[in-house]
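Asks: Chains Y and E: place on chain Z using the hints.
Each chain, letter by letter, is given below.
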Amino acid sequence: MRLKALGATLVTVPITLFGLVLVTFLIGRVVPIDPVLAIVGDRAPQEVVERARLELGLDRPLIEQFLRFVVQIASGDLGRSVMTANPVTQDIARFFPATFELATVAIILASLVGVPLGVLAAVRQGGWLDQSVRLFCLAGHSLPVFVLGLLSLLLFYAKLGWAPGPGRQGIAYEDMVDVRTGVLTVDALLAGDWGAFWDALAHLAQPAGVLAFFSLAYIARMARAFMLAELSSEYVTTARAKGLSETRIIWRHAFRNIAVPLVTVLVLTYAGLLEGAVLTETIFSWPGLGQYLTVSLLNADMNAVLGATLVVGLIYVVLNLFADLLYRLLDPRVR
Amino acid sequence: MISSDWLLSSEPASRRQAAWGRRYQAWLAFRRNPLAVAGLAVALAMLLMAVFAPLLATHDPGAQNLANRLQPPSAAHWFGTDELGRDVWTRILYGARITLGMVVAVVLLVAPVGLLVGCAAGYAGGWLDRILMRVTDVFLAFPRLILALAFVAAMKPGVESAVAAIALTAWPPYARLARAETLRIRDADFIAAVRMAGASPWRIVLRHVAPVCIPSLIVRVTLDMSSIILTAAGLGFLGLGAQPPLPEWGTMIATARRFILDQWWVPVIPGIAIFLASLSFNLLGDGLRDVLDPKQR
Amino acid sequence: MTNPLVEINDLRVDFPGPNGFVPAVRGVSLTMGREKLGIVGESGSGKSVTGRALMRLLPPQARVAGSLRFDGIDIAAATPRAMRALRGARIGLVLQDPKFSLNPIMTAGAQIAEAWATHRRGSAKEARDAAMSLLDQVLIRDPRRVYDAYPHELSGGMGQRVMIAMMLAPQPDLLIADEPTSALDATVQAEILRLIDRLVTDRGMGLMLISHDLPLVSRFCDRVAVMYAGRIVEEIAARDLHAATHPYTRGLLDCMPRLDAPRARLPVLARDPRWLA
Numbered sequence: 001m002r003l004k005a006l007g008a009t010l011v012t013v014p015i016t017l018f019g020l021v022l023v024t025f026l027i028g029r030v031v032p033i034d035p036v037l038a039i040v041g042d043r044a045p046q047e048v049v050e051r052a053r054l055e056l057g058l059d060r061p062l063i064e065q066f067l068r069f070v071v072q073i074a075s076g077d078l079g080r081s082v083m084t085a086n087p088v089t090q091d092i093a094r095f096f097p098a099t100f101e102l103a104t105v106a107i108i109l110a111s112l113v114g115v116p117l118g119v120l121a122a123v124r125q126g127g128w129l130d131q132s133v134r135l136f137c138l139a140g141h142s143l144p145v146f147v148l149g150l151l152s153l154l155l156f157y158a159k160l161g162w163a164p165g166p167g168r169q170g171i172a173y174e175d176m177v178d179v180r181t182g183v184l185t186v187d188a189l190l191a192g193d194w195g196a197f198w199d200a201l202a203h204l205a206q207p208a209g210v211l212a213f214f215s216l217a218y219i220a221r222m223a224r225a226f227m228l229a230e231l232s233s234e235y236v237t238t239a240r241a242k243g244l245s246e247t248r249i250i251w252r253h254a255f256r257n258i259a260v261p262l263v264t265v266l267v268l269t270y271a272g273l274l275e276g277a278v279l280t281e282t283i284f285s286w287p288g289l290g291q292y293l294t295v296s297l298l299n300a301d302m303n304a305v306l307g308a309t310l311v312v313g314l315i316y317v318v319l320n321l322f323a324d325l326l327y328r329l330l331d332p333r334v335r
Numbered sequence: 001m002i003s004s005d006w007l008l009s010s011e012p013a014s015r016r017q018a019a020w021g022r023r024y025q026a027w028l029a030f031r032r033n034p035l036a037v038a039g040l041a042v043a044l045a046m047l048l049m050a051v052f053a054p055l056l057a058t059h060d061p062g063a064q065n066l067a068n069r070l071q072p073p074s075a076a077h078w079f080g081t082d083e084l085g086r087d088v089w090t091r092i093l094y095g096a097r098i099t100l101g102m103v104v105a106v107v108l109l110v111a112p113v114g115l116l117v118g119c120a121a122g123y124a125g126g127w128l129d130r131i132l133m134r135v136t137d138v139f140l141a142f143p144r145l146i147l148a149l150a151f152v153a154a155m156k157p158g159v160e161s162a163v164a165a166i167a168l169t170a171w172p173p174y175a176r177l178a179r180a181e182t183l184r185i186r187d188a189d190f191i192a193a194v195r196m197a198g199a200s201p202w203r204i205v206l207r208h209v210a211p212v213c214i215p216s217l218i219v220r221v222t223l224d225m226s227s228i229i230l231t232a233a234g235l236g237f238l239g240l241g242a243q244p245p246l247p248e249w250g251t252m253i254a255t256a257r258r259f260i261l262d263q264w265w266v267p268v269i270p271g272i273a274i275f276l277a278s279l280s281f282n283l284l285g286d287g288l289r290d291v292l293d294p295k296q297r
Numbered sequence: 001m002t003n004p005l006v007e008i009n010d011l012r013v014d015f016p017g018p019n020g021f022v023p024a025v026r027g028v029s030l031t032m033g034r035e036k037l038g039i040v041g042e043s044g045s046g047k048s049v050t051g052r053a054l055m056r057l058l059p060p061q062a063r064v065a066g067s068l069r070f071d072g073i074d075i076a077a078a079t080p081r082a083m084r085a086l087r088g089a090r091i092g093l094v095l096q097d098p099k100f101s102l103n104p105i106m107t108a109g110a111q112i113a114e115a116w117a118t119h120r121r122g123s124a125k126e127a128r129d130a131a132m133s134l135l136d137q138v139l140i141r142d143p144r145r146v147y148d149a150y151p152h153e154l155s156g157g158m159g160q161r162v163m164i165a166m167m168l169a170p171q172p173d174l175l176i177a178d179e180p181t182s183a184l185d186a187t188v189q190a191e192i193l194r195l196i197d198r199l200v201t202d203r204g205m206g207l208m209l210i211s212h213d214l215p216l217v218s219r220f221c222d223r224v225a226v227m228y229a230g231r232i233v234e235e236i237a238a239r240d241l242h243a244a245t246h247p248y249t250r251g252l253l254d255c256m257p258r259l260d261a262p263r264a265r266l267p268v269l270a271r272d273p274r275w276l277a
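Residue numbers (UniProt numbering), protein chains in the order written: chain Z, 1 to 335; chain Y, 1 to 297; chain E, 1 to 277.
One chain only, chain Z, in its complex shape:
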């Protein structure tokens, strides 16, 4: 019975992935820019254009083109970026670690603050803490990430001078640390270079803080809602009737019950951070996947755009699946 439900979930994954590829393909097909001209340039002679068209298989029926596209992607080839002249997969491998680092630090910050905030707001429902958290969450939902980023730069970089400016590392440390994982803080630690580590961390603080703020609002809101539902349930009355302390009731009974759905929320928020990363990276000149995507967009570099979109979609699907599996694993009722 339970295995069947799991099977059903697993079956949907390839279908979703197929849809993902189809949508990406279709987006690529509606481009008004001629992909041939983008490669050979407007001034190329007619026969060069024709040859490129044949090489790209653009004279074939749409279905055949799609099948080629699927086969090509399945073999891990996302085409070549016009802008960087590298294979898109290679570009993504180079830019992704920066985004990964940013999003990971952000989700850790957001969870560490957001979860206790939401839980305490629920415990003191209607109190001043609850009201402030509610207002704070709404404000978090309403502020554009790029405005917060600009304000943060204005305050912490320009006025207070607490944070280094945009970018991922100071000029003094540029290319000083061997790239192993691509995650700068980890690489610096592996190299034992504390100076580079602190520099990377300082550069990370601002964008990660800005990015964390948004997921924080959502996480606190969800934690509060889950917690309210649990606190009004009968087993909490039972726990009180047993004479347990409020702390024990909150953390050992109610919180452990929300831990499972909360982990799911955290995983999904983590996936959502990829979206916030696009804007945050632009503000802070953070050389990650988001910036790669926007720069490619503005240069009409469709292979890069579609490749990056597909990768982000793939990560999304995988994280969704992961959240689902985690839920099944952690909750004794569905295990």
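Any given hint could be a false lead.
Estimated spans, in silico, between C-beta atoms of each pair [what the hints assert, rightly or not]:
{"#": "1", "chain 1": "Z", "residue 1": "VAL70", "chain 2": "Y", "residue 2": "ALA41", "range": "51 to 61 Å"}
{"#": "2", "chain 1": "Y", "residue 1": "ARG22", "chain 2": "Z", "residue 2": "GLN131", "range": "25 to 35 Å"}
{"#": "3", "chain 1": "Y", "residue 1": "ARG134", "chain 2": "E", "residue 2": "GLU153", "range": "32 to 42 Å"}
{"#": "4", "chain 1": "Y", "residue 1": "TRP78", "chain 2": "Z", "residue 2": "LEU160", "range": "27 to 37 Å"}
{"#": "5", "chain 1": "Y", "residue 1": "ARG134", "chain 2": "Z", "residue 2": "GLN90", "range": "30 to 40 Å"}
It should be emphasised that the hints constitute simulated quantities derived from the structure, not laboratory data.
Heads up, the beta-carbon is just placed ideally off N, CA and C, and yes, glycines get one too.
Replies: For chains Y and E alone, coordinates are given in the frame of chain Z:
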């Protein structure tokens, strides 16, 4: 004739009285939430500002005055001037037109589609349901902004393609919501009664199932408006939404962001406008949810 | 031993509603010793609220007035710490449906052991042994299996036994059972009530059995208090129930089908607005 006694009567004499009485009760409950009322007030004020922008504006939104650029707020220019000496207050007003126009366009495109798809899928069930839900899955598999970005890239950047892109990415949650509501009431006795009275499936969906989904859909739409505003502004900021010289708020921030360190008010003022617009819809939606849809708090 | 176990004097409880406070309990006075008292009434009559008020388990927005004493301790004035020492250790509470009243993600044994360990000093091993022995006392045949089972793996009757074991773990003086069998199958109901009855008698505890089922209560209790709309309308020894005088009690009794005197049609309970006064 319409007194609060008539509205609050516990024994309404007609269906009309009952319906208005229920609405009045909801309004009374809504009014007790000061934040929600504030949200409604700000949203209405924005709407009026957008509609009467030409009357409220103090300058021409496109008029440049390079001798007078990047001025701080003053009596002549309430919100200062931008890098081309244009009046920021005037541009904010006209920007409200673009932003709210985009929001309305997206909602008008998305809500009916989502409602119909969801109700049809939920009511029909079977293969139709499965296919439609798979399709929503695919769309939900992309982060919203990134899918919108890819769409806009494929079309030409501009207000219309931004609206189309946001609409394309915004409908699946509505379909999901409508489907869930439909599943909840599909087997209810009153639907069975209508079916036995010989109503066609279309009539059942349109006249009996869809109206039940409306309250939660309204709540969702209101809360979604803020996210549409943010996505539109985000696209504008990345240079893929409204194009300069259009005074769209996100676009205004994009062109003014290099002045953040010295003339910080130039990019910050449109930011505040976006924040207020988005916050007002969030507060409004939050208040409406408590009133219209108490079960999904 | 001079104090009665429970002394309730003019208890009033109001809950905030959309149009001002709504009374749930309107002046209940009650005294009980180590006896078995049944509180009977329809839903909304305030019987559960009375029981929970005694443990101060009502939601914070409830307004409570009047005096509640347990073994001479003033419940309204007790500090939270004193209240915690009272809950579980001296008063136990069995709720209606084990499906909701047991923590779904803690094993049955862990929940019993926790109740034991909260009020007694002892090692984890001792808590475990105590829980095993309690499971045995509530007549569970395979305590080891049940100890490690999650609530959703237990039947309703088993769950309620776990609940009882948990509430008896710290050896309280009073057990409040709030509709303990309403969520169970009819065949299990009598079993659970007999179990409660025996455990309470053996330990010389007081029992407050809250139920809507008058005949059931009268079978297991010494005394019955009938509640209607937030008041006790009649207090009577269970064996004298046939001589009840209040029309509401009479009405409830008359609604019962009887094997020895079959009737074609059961009378409908006629409510008298004067009962509300």
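Asks: Look at each hint and say if it fits the structure.
Replies: Evaluated hints:
1. Z:VAL70 with Y:ALA41: 51 to 61 Å: holds, 53 Å
2. Y:ARG22 with Z:GLN131: 25 to 35 Å: Roughly 29 Å apart at Cβ, these two residues keep to the hinted range, so it holds.
3. Y:ARG134 with E:GLU153: 32 to 42 Å: holds, 34 Å
4. Y:TRP78 with Z:LEU160: 27 to 37 Å: holds, 29 Å
5. Y:ARG134 with Z:GLN90: 30 to 40 Å: holds, 33 Å
Violated hints: none; the structure is consistent with every hint.
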